[in-house]
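One-letter residues, chain by chain:
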Amino acid sequence: MGLLNSTVLEWAIGIVFVYLLLAIVCTTINEWVAGATGVRSKTLKQAIDQLLDQQKGSDDTKSFLDQFWEHPLISGMKTPGKAPSAAHPSYLQARTFATAVIDLATKDKPGSISFADLETGVKDLPDGDVKKALLALIQNASGELDVAQKNIENWFNDTMDRASGWYKRKTQFATIVIAALLTIVTNADTVRIGHILWTNNTVRSMLVEKAKAHTEASAGTTQVTYPDKNKPLSPFKAKQDELDALKPLLGWAGEDLKDLSDWRVWPPRLLGWLLSTAAISLGAPFWFDLLNKMMNLRNAGKRPDDSPKKQNSGNPPAPQAPVPVKAGG
Amino acid sequence: MTLRKTASLLSVLVLLVSTLQAETLNLSLDFVNRCKNSATVSIQFELDAHLSSPHKIGRSGDDGDVHMAGRAPEVQLPMVAEIMNAGLDAESTSVNLMNGTQSGQTVPVTGVWRIWFEHPSPGDQTQGDPVDVPANSNPDHVFEIHPITNFDGQDIADSSLIPIADPNDGHSYQAYPASVAFAAYEKLQASVNVTDTSISITANKAGYNYTEFMLEPAGQSAPGDNGVFVLANVYDLSDPENPVTATPHRMVFVDNTEPAKQLQNLPAGQRLHVLGIPRVNLAEAAAVSGSTDMALPYEIIVVAVFSDTVFAPSTPVNAMHQPEPRTSRPRKTTKKQ
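One line per chain: the protein sequences are A and B, in this order. Each residue of the first sequence is one higher than the last, beginning at 1 in the working numbering. Each residue of the second sequence is one higher than the last, beginning at 1 in the working numbering.
In short, the hints are calculated from the structure, not lab data. Be a bit skeptical, because a hint or two may be false.
Pairs of lysine-lysine, DSS-like flavour, derived with a Cα cap of 30 Å [to be verified]:
id, chain 1, residue 1, chain 2, residue 2
1, A, Lys210, B, Lys187
2, A, Lys123, A, Lys107
3, A, Lys150, A, Lys168
4, A, Lys168, A, Lys123
5, A, Lys229, B, Lys56
6, B, Lys187, A, Lys78
7, B, Lys56, A, Lys231
8, A, Lys78, A, Lys212
9, A, Lys258, A, Lys229
10, A, Lys107, A, Lys212
11, A, Lys247, A, Lys231
12, A, Lys212, B, Lys261
13, B, Lys187, A, Lys231
Which residues of chain B face chain A? A few of them, derived with a C-beta cut under 8 Å, are [to be verified]:
id, residue
14, Leu29
15, Pro167
16, Gly170
17, Gln220
18, Gly224
19, Asn226
20, Leu231
21, Asn233
22, Ser289
If you want the footprint, here are the derived chain B segments under chain A, 3+ residues with CB under 8 Å [stated by the list, open to error]:
id, segment
23, 50–63
24, 66–76
25, 290–302
Backbone N, C-alpha and C define an ideal beta-carbon position, used for all residues, glycine too.
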């Protein structure tokens, strides 16, 4: 027992669970804003524009960049019905990029091509940065077309690594703003939440139970449902009951509004908001991992019989960790 | 141990191993978002291998489809495509076009996208990884276009999405009853991991391709891309009172097909007797945040509707439909029955 099952640990679990749920809400809003504003597709376009700009096209009427965006492999990925500026894809495979670039460089050679065709095509391009880059890339290809394609894919991936950094910086700012707004709207004051959890056993126990249910659900019984049976295109991962658990801890009660005129409540409140904003900005995965570790720590003090039964007893073996798709944007 | 016993034991072992075989499919989130509420996809299909004639019609894999394997830049996964009811006269132009293609020839194909872990490969499949040229018409694959609705400009949606029956003698395909197929679907488990750019789905080998059942819409239908989606309760033909699943499942109807027309004209509270094939419900998978283990999210593509069995639930089902033998009666065929 001791610390492992103590009030301190339960209090900490409660705080972490509150942060986790608020971070999930923050991430959802952030994703919605990113989707609505097309940040991802704009960042990808910006990166590719930077990569292929400063290069004339082979027919002098259009730049290489314009020809790239109009290539069927790329234009086919645009979202129909959207304005041209917002229609660009938000994701592009390195392989698709390389195939389109090679095709543009060997426009005069329809059908299958050899390394020599690619080399000739690149040399025939008008002078420009892309020509220089492609020449450097194919020089290191040992005369192999596959290696040349791989080098071009790596060139694209290197640029996308930088673009991912731009995207993270852009969304990081948005995350902090959304976290701050969420904190104020819900009055998620860490100091007050901490005080309630420390002094109110009922709320603390209820939150620990919800946290336990959440970690167990995440380990095997996630439910995606359709809250409105008339909207089959909008499935939703149920979380409502967990958010309900936050009611005693969040929100603007009458007393909170009365206190607004009392300057003495502001320093701890501002500190509480600041802590909450910083915590929510860390993101749901961080708090989820921490919550899992704390729940394991809490369970470590129990007898083996009390530990949750292995969820997949009788089920197929646990699957392997998936390999992520190579990000292109 | 006799040779026969050894062979039997090995067969069971192989079956067991293949049943437990898990595969991870890594998809780009962009692709998922384009497909999740879409009935079909259109691709430039580089056709590498194909059967020259349709499967015979019986049960299980003898489904009257014709298989072809190839690659497509829009998919970038090992894949096959299938023409349903390929033995019908109406499909002969498409089948002849397929037989006339050279290996590696590109053909425009539109059809219902389908992800199902029926033929998993030993390794993971990641969208965008180089795809090997398939050696035969049915390589290891999780992605398929099934059924094809337009092959090389030939629109076959209306003519092929009908109950499966032999055009020569009229005998019908024996689909799995809902009580068997849905019980198996409900047991399937998956690990789903959603990131900013990808969705990974890990699942064990699945089966039960075609199932025949009654569906009753649980809500209004909604138009998606190239199709209509509706949540519906599923009933086995032999038990019109009790749904075979605890919750309604999403049904996919392809635009300009007989099932879609029948759904549109279905009076409220009535049911459709249909033939369906399962696919992973990408909308539900995409609704997951982070990494989670869950029941494999699935939906049913309604590929045929039987005209004789639209009935009100209050009507005694046996008066309108005799479930035995469990065979599909075709709505229409182009050859003599």
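_With the threshold set at 30 Å, check whether the alpha-carbon distance from A:Lys210 to B:Lys187 stays at or below it._
Holds - the C-alpha atoms of B:Lys187 and A:Lys210 are around 26 Å apart, at most 30 Å.
_Given hint B:Asn226 near chain A, where the shortest CB pair must fall under 8 Å_ = Given a least distance of 12 Å, the restraint on B:Asn226 is violated.
*Decide if the proposed pair is consistent with the structure: A:Lys107 and A:Lys212, CA atoms, cutoff 30 Å inclusive.*
60 Å, violated
_Check whether the Cα positions of B:Lys187 and A:Lys231 lie no farther apart than 30 Å._
With a Cα-Cα distance of about 25 Å, the restraint between B:Lys187 and A:Lys231 holds, given a limit of 30 Å.
*For the pair we were handed, A:Lys258 and A:Lys229, check the Cα-Cα distance against 30 Å.*
It is violated: about 42 Å lies between the C-alpha atoms, which goes past 30 Å.
*Check, residue by residue, whether the segment 50–63 of chain B contains three or more positions whose beta-carbon lies closer than 8 Å to a beta-carbon of chain A, and give the verdict.*
violated (count 0)
*Is the interface hint for B:Gly170 satisfied, with its Cβ closer than 8 Å to some Cβ of chain A?*
Since chain A brings no Cβ nearer than about 35 Å to B:Gly170, farther than 8 Å, the hint is violated.
*Against chain A, is B:Pro167 within 8 Å by beta-carbon distance?*
Violated, because the Cβ-Cβ distance from B:Pro167 to chain A comes to roughly 35 Å (cut-off 8 Å).
*Regarding the pair A:Lys78 and A:Lys212, is the alpha-carbon distance no greater than 30 Å?*
43 Å, violated
*Keeping to a limit of 30 Å between CA atoms, is the pair of A:Lys229 and B:Lys56 held or broken?*
Roughly 39 Å separates the two Cα atoms, so the pair is violated.
*asked:* Under 8 Å is the threshold here; is the Cβ of B:Leu29 close enough to any Cβ of chain A for the hint to stand?
replied: Result: holds, 7 Å to nearest chain A Cβ.
_Please check whether B:Gly224 passes as an interface residue: C-beta within 8 Å of a C-beta belonging to chain A._
Nearest chain A Cβ about 6 Å off; hint holds.
Comparing the model with each earlier hint shows violations of hints 4, 5, 6, 7, 8, 9, 10, 12, 15, 16, 19, 21 and 23; every other hint is respected.
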